[in-house]
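A.B. asks: Protein sequence lines correspond, in order, to chains A and B.
Position one of the first sequence corresponds to residue 99 (this note's numbering), numbered consecutively onward.
Position one of the second sequence corresponds to residue 99 (this note's numbering), numbered consecutively onward.
The list makes no distinction among identical chains, and a pair is therefore deemed to hold if it is satisfied within one copy or across any two copies.
Below, a list of computed lysine-lysine pairs in the DSSO-like style, where the Cα atoms sit at most 30 Å apart:
no. : residue 1 : residue 2
1   : 102       : 158
2   : 102       : 247
3   : 186       : 102
In short, the hints are calculated from the structure, not lab data.
Okay, here's what each chain looks like letter by letter:
2 protein chains.
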Amino acid sequence: MSAKIRLYVEHPLGEEQSVPLTREQAHYLFGVMRLGPGAPVALFNGRDGEWLAEVSEAGKKGGVLTCSSQTRPLRMPPDLWLLFAPIKKSRTDFIVEKAAEMGAARIIPVQTEFTNSERIRQDRLQAHAIEAAEQCGGTFVPEVGDLHKLDRMLADWPQDRQLMFCDEAEAGSALRLADGGRGLPWAILIGPEGGFSDRERARLSALPFAHVVSLGPRILRADTAAVAAMTLWQQALGDWA
Amino acid sequence: MSAKIRLYVEHPLGEEQSVPLTREQAHYLFGVMRLGPGAPVALFNGRDGEWLAEVSEAGKKGGVLTCSSQTRPLRMPPDLWLLFAPIKKSRTDFIVEKAAEMGAARIIPVQTEFTNSERIRQDRLQAHAIEAAEQCGGTFVPEVGDLHKLDRMLADWPQDRQLMFCDEAEAGSALRLADGGRGLPWAILIGPEGGFSDRERARLSALPFAHVVSLGPRILRADTAAVAAMTLWQQALGDWA
Numbered sequence: 099m100s101a102k103i104r105l106y107v108e109h110p111l112g113e114e115q116s117v118p119l120t121r122e123q124a125h126y127l128f129g130v131m132r133l134g135p136g137a138p139v140a141l142f143n144g145r146d147g148e149w150l151a152e153v154s155e156a157g158k159k160g161g162v163l164t165c166s167s168q169t170r171p172l173r174m175p176p177d178l179w180l181l182f183a184p185i186k187k188s189r190t191d192f193i194v195e196k197a198a199e200m201g202a203a204r205i206i207p208v209q210t211e212f213t214n215s216e217r218i219r220q221d222r223l224q225a226h227a228i229e230a231a232e233q234c235g236g237t238f239v240p241e242v243g244d245l246h247k248l249d250r251m252l253a254d255w256p257q258d259r260q261l262m263f264c265d266e267a268e269a270g271s272a273l274r275l276a277d278g279g280r281g282l283p284w285a286i287l288i289g290p291e292g293g294f295s296d297r298e299r300a301r302l303s304a305l306p307f308a309h310v311v312s313l314g315p316r317i318l319r320a321d322t323a324a325v326a327a328m329t330l331w332q333q334a335l336g337d338w339a
Numbered sequence: 099m100s101a102k103i104r105l106y107v108e109h110p111l112g113e114e115q116s117v118p119l120t121r122e123q124a125h126y127l128f129g130v131m132r133l134g135p136g137a138p139v140a141l142f143n144g145r146d147g148e149w150l151a152e153v154s155e156a157g158k159k160g161g162v163l164t165c166s167s168q169t170r171p172l173r174m175p176p177d178l179w180l181l182f183a184p185i186k187k188s189r190t191d192f193i194v195e196k197a198a199e200m201g202a203a204r205i206i207p208v209q210t211e212f213t214n215s216e217r218i219r220q221d222r223l224q225a226h227a228i229e230a231a232e233q234c235g236g237t238f239v240p241e242v243g244d245l246h247k248l249d250r251m252l253a254d255w256p257q258d259r260q261l262m263f264c265d266e267a268e269a270g271s272a273l274r275l276a277d278g279g280r281g282l283p284w285a286i287l288i289g290p291e292g293g294f295s296d297r298e299r300a301r302l303s304a305l306p307f308a309h310v311v312s313l314g315p316r317i318l319r320a321d322t323a324a325v326a327a328m329t330l331w332q333q334a335l336g337d338w339a
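Looking at chain A on its own, in the form it has when it is part of the complex (with noise of 0.2 Å):
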């Protein structure tokens, strides 16, 4: 019996473990997709992998699921950040959907000088992040960080993470980034639509854990740029070798 249905859940997953439903995922269970009790779930919760469980339980308001075997073990990406610019609404849930898909484990939209947002919807961009991985197959959830300043994030920057900084105004080669950094924790940092301030172009390229990478000969739009930039490193240092 195999699960169509994936489903993020919280709860701690084991054999003969049951996980409780909240209203929402009762709703959808069995209001939208119509399972019944003896109905295959798997279901994953980023740190136990992903196990078959099966409807003990069906309610209006709730449900119980039961597990019973564990169908894939926790697969965590590389330790990869992915910095982004939050750009308009439909361009950011993007971004967050597609670096879950990519791998990254940890999602940080920063504030820069020509960033439009002052506000994300944390909330809301972490759900995509779990949608995703529902319908990847992922059985890890990244992080989406609440929005940081650009400026403070780098004060504060862990020396030995390095930096992929991805600027159309500048000659970088994506090949510098085979000549080392493989074992060591990365961040990608995707600019806003207006690219950098100079200001910020300088301190970063100043900046001894940056590698300044090019994408290319076009103009690339941010949520473009994300999963491009986001291709190099896994197939140079990440798990795509």
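Assemble chain B onto chain A, guided by the hints.
C.D. replies: This is chain B only, laid out in the frame that chain A set:
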């Protein structure tokens, strides 16, 4: 004087060239963007590079721009086709937009066994490719083809065109791309949400011009896979090096 607005036109461009506007273009420039006589606009037509022009006649139903000087030469992308199985509307739009940004020369929707869509709106997809080029500073617009059956395309395949085929069920390697193929025409094929059928997979794998490439250990949505595959190709064989 530099232009903030970039507009794709069909008309030839050159020194002192007058360019008549369609009703829609006149509405956009004069109604929406409120440009008046003398205002600068950057024009490109996919053949003559980018030209600085200014408004010489502005009316409700039309208008004329006059070119002054070329601001960028035509930059052709590499000879790369992107073949993809259409998925739901917003993600299909997205794939076309991203293909234009990433430098595909031609975009061809293909119908596979597990493709849900039987029809596409070619005109709407072409408009997305144009808009992406307008936004991203491109001087070339990839042609979006009509929906082709994958079987028929493969039967008529030009024998020197290499095919990069991304299949989550295959343990391919992106590195094999580096073995050769530089300077040859290429195509990237992205399957539908349900993947390829066993029959399609067997047929594709047996083709002498096909190269199976892995996009890492996580399952990617088709739109993510399209950007990731184009990134790997541009980096290994295209104009990113």
